[in-house]
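*Asks:* As a plain string of letters, each chain reads:
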Amino acid sequence: MSTRELTFAQAIREALDEEMARDERIIVLGEDVGAWGGVFRTTEGLFQKYGPERVIDTPLSEEGFVGLSVGAAMTGFHPVPEIMFGDFITLVMDQLVNQAAKMRYMTGGQIQVPLTVRATMGGGRSSGAQHSQSWHAWFAHVPGLKVVVPSTPYDAKGLLKTALREPNPVIFFEDKVMYAKVKGPVPEEEYCIPFGQADIKRAGKDVTLIAISRMIHPTLAAAEKLAAEGIEAEVIDPRTLTPLDKPTLIESVKKTGGAVIVDEGYQHFGATAELAATIAYGAFDYLDAPVERLGALDVPIPFTPVLENATIPDETKIIAAVHRVLEGRRSA
Amino acid sequence: MSAGSQISLRETEIVMPRMGLTMEEGTVIAWLKSVGEMVQAGEPLVEIETDKATVEIEAPANGILRQIVGQPGETFPIGTVIGYLTAPGEKGVALAAGTAAAPAKLEKTQVEARPTSAASQMPATLPGKVRASPAARRIARQQGVELGLVQGSGPGGRVVAWNVEQAVAQMRVSQPAGAQHVASESATKASPLAQRVAEEYGVVLQQVQGSGPGGRITRKDVERSISGQVEVPAPSQSPASLPPGFTYEPASRVQKRMAERMASSFRDAPHFYLHSEADCRSLLALRQALLPRLEERYGVHITVTDLLVKFCALTLERHPQVLSQWSGDGLLKTSEINIGIAADTPNGLLVPVIQHCDRLGLSEIARQRTELVEKARLGKLSLQELELGTFTISNLGMFKVDFFDAILNPPQAALLAVGRMKERPVAENGQLIAAQTMTLSLSVDHRVLDGVSGARFLSDLVELIETPGLALG
Chain S
26 MSTRELTFAQ AIREALDEEM ARDERIIVLG EDVGAWGGVF RTTEGLFQKY
76 GPERVIDTPL SEEGFVGLSV GAAMTGFHPV PEIMFGDFIT LVMDQLVNQA
126 AKMRYMTGGQ IQVPLTVRAT MGGGRSSGAQ HSQSWHAWFA HVPGLKVVVP
176 STPYDAKGLL KTALREPNPV IFFEDKVMYA KVKGPVPEEE YCIPFGQADI
226 KRAGKDVTLI AISRMIHPTL AAAEKLAAEG IEAEVIDPRT LTPLDKPTLI
276 ESVKKTGGAV IVDEGYQHFG ATAELAATIA YGAFDYLDAP VERLGALDVP
326 IPFTPVLENA TIPDETKIIA AVHRVLEGRR SA
Chain F
337 MSAGSQISLR ETEIVMPRMG LTMEEGTVIA WLKSVGEMVQ AGEPLVEIET
387 DKATVEIEAP ANGILRQIVG QPGETFPIGT VIGYLTAPGE KGVALAAGTA
437 AAPAKLEKTQ VEARPTSAAS QMPATLPGKV RASPAARRIA RQQGVELGLV
487 QGSGPGGRVV AWNVEQAVAQ MRVSQPAGAQ HVASESATKA SPLAQRVAEE
537 YGVVLQQVQG SGPGGRITRK DVERSISGQV EVPAPSQSPA SLPPGFTYEP
587 ASRVQKRMAE RMASSFRDAP HFYLHSEADC RSLLALRQAL LPRLEERYGV
637 HITVTDLLVK FCALTLERHP QVLSQWSGDG LLKTSEINIG IAADTPNGLL
687 VPVIQHCDRL GLSEIARQRT ELVEKARLGK LSLQELELGT FTISNLGMFK
737 VDFFDAILNP PQAALLAVGR MKERPVAENG QLIAAQTMTL SLSVDHRVLD
787 GVSGARFLSD LVELIETPGL ALG
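The listed protein sequences derive, respectively, from chains S and F.
When you read off a place in the first sequence, starting at 1, and then add 25, the result is the number in the numbering used here.
When you read off a place in the second sequence, starting at 1, and then add 336, the result is the number in the numbering used here.
In case anyone wonders, no lab produced these hints; they're calculated from the structure.
Think of the CB as a built atom: it goes at the ideal place given N, C-alpha and C, for glycine as much as any other residue.
Worth double-checking, as some hints may not be accurate.
Residues of chain F placed beyond 10 Å of chain S at every Cβ, according to the derived structure [unchecked claim]:
no., residue
1, Q376
2, G399
3, R494
4, Y584
5, P628
6, E653
7, L724
8, M757
9, K758
10, G787
11, R792
If you only want the chain F side, here are some residues facing chain S, beta carbon under 8 Å, derived [claimed, not checked]:
no., residue
12, S469
13, K525
14, A807
Excised from the complex, chain S in its bound form (with noise of 0.2 Å):
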């Protein structure tokens, strides 16, 4: 088996090129994803390669081409059109909720939905308050839909084609920052990776650390400086947020006892509360320590980068919490 290094966004190009030649019912769309290639690269050369019909220039509307999208799905295509900015997926909230996430409830399953929204996620690249939030969570919440969060190359490719093979709606966040700057090795051979299960990044004994998306790699850096301290942190991700795998997570706490869970969403009402509360409920009598959250903080992401980070977690932040989950727990 052969590896190579690919970036976040080829991994992702790979994907979709890899499960277009293989299924011709795969068709892209959105804003400048066509000839352009898409602003974030990960839809190079598609147009080139399958042409115009199935890799689509849409006008600047989301409604438009999501609402078509679902459309399309219900007769028979696999749509994936791709929200530039995660942001603006609230302008498509009634294709995918009320719409996409029903259609097979309400047909008794006589209507299949297969649609892969892709969308970005993320901020910390100074775009402002309306590009650069993380909304995963909301989708989370509805049933019907599949959310996928991955946080490396090789998870996002064996994640997208997982996706692009499922009769389902799913939708399918990447963060922005990682497209160029997150590298990662990714076997030339093909392979998918099955929803709904979470990834131990690291293995520890002493606390567990559960992240999203790309908050994995602050944690695995926050994790690397604990070991310094002798703290043998596990950092888990889940990969998936619907479905969720919740036996890897709540069996990792009750071998450490403690939990700091870190995610770019906001906190309140965030996906750190329902993980926190699943590992309340699965490991309460093994808890040592409250769980710990760290989400965005409950104002709009700031345009000005020292404003910006300090509404984000970063590996400081997580080793904060990680010592206050250990506070008197160990011998000093």
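Position chain F relative to chain S; hints supplied.
*Replies:* Only chain F this time, still in chain S's reference frame:
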């Protein structure tokens, strides 16, 4: 377990419940289901009379009422089995009435479960509220460690798993080999609420059978276990031979309770009494003015008693020491102004309590007073509505009683006895006039308050009655 050994696993005992801190026994008034009838958990099953109230007890589980042990009219100590529920299809049981729910086993194993020599070497924190993480609690349960004896190193002194592990290691070192404490085989799971209740009552959780999901111990289980541990007092007996011309009637629970409490209060609390006569003209004028308006606005009928409750609350706010209670070798202090009103009921004297009177307006006091007194007459007061009082008003003003001294309502340290209001001669500026007055007698526990403290309270109260405008501040 002796007589209970015939009970099949799916049998649910219905025991005389403990419904308040002071409850020791209860009387079965009526079964609301008959033998063989299906009941749902939570459905009213049996009516129990305590010294304070008649309460409907809910079925502890789904099933069939298989057997009634406690017949109506019979009195049992708390924790006594008074009946059995079985799941459909289970065999019934035969048991003698009044069998206590396995107390012997509880006591024996409880002693075994406590570490002995290690305890004295571990730093002690105050018993009762122990802050400990769920993990620490789980390990403590598994290892039989008393959490109250473990020093916590977590935030705010929270006991964490590591502290318990250290304590276990210390125990192992300090106890000779072979004499090591044997922990219970299975880990005991308990809800945080159950743990807190268990700690408050000193119950060892390993000895409690859990009925929650996966055998988790719930508060109900702990309370049931507390009931089971209480000693069984000898049943009261009628005199062997009656004097000629007398008949004997056993006291009702309320009567018995009144007798016991009043005797202990009069015996233990050194009473003294402060007397005053208050001019009621302003008070009556105020009531006349408010009565129709409050009736129209809030649908309540305010009485002199309601005004007295309000005035006492205002005065107590300024004299919180009157709310204190003698306890052991010290004072229990509080700022809770919960005023009880002595009420005559068909079952005897009851004192329903209006809580937090200082926060209530006159109309709300009147509304609650009406509701509570009505409930008291119907015997429907809950125990909560009878407990927690910190001051009592006893008003016999509706009788031709000019004046009386009352026995303190234990453990309270002060009580206001109110005689009838009537026209009496009053000297005013050298003239003798007729005016409505009321007589007041403040009973005081001299262990808690001295004469001057009581006098200051009564003076301020009388001033408020005579000049009600002071209530405006």
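*Asks:* Indicate, hint by hint, whether the structure satisfies it.
*Replies:* Hint by hint, here is what the structure shows:
1. Q376: Non-interface label stands for Q376 of chain F: nearest chain S Cβ at 27 Å, farther than 10 Å.
2. G399: At roughly 29 Å from the nearest Cβ of chain S, G399 of chain F sits farther out than 10 Å, so the non-interface label holds.
3. R494: R494 of chain F is in fact no farther than 10 Å from some Cβ atom of chain S, at 7 Å.
4. Y584: 56 Å, holds
5. P628: 51 Å, holds
6. E653: 38 Å, holds
7. L724: Given that every Cβ of chain S is farther than 10 Å from that of L724 of chain F, nearest at about 32 Å, it holds.
8. M757: For M757 of chain F, whose nearest Cβ neighbour in chain S is about 59 Å away, the distance exceeds 10 Å, so it holds.
9. K758: 65 Å, holds
10. G787: 52 Å, holds
11. R792: Answer for R792 of chain F: holds, closest chain S Cβ roughly 48 Å.
12. S469: OK, holds: S469 of chain F within 8 Å of chain S, min 4 Å.
13. K525: 6 Å, holds
14. A807: 45 Å, violated
In terms of the numbered hints stated before, the structure departs from hints 3, 14, listed from lowest to highest.
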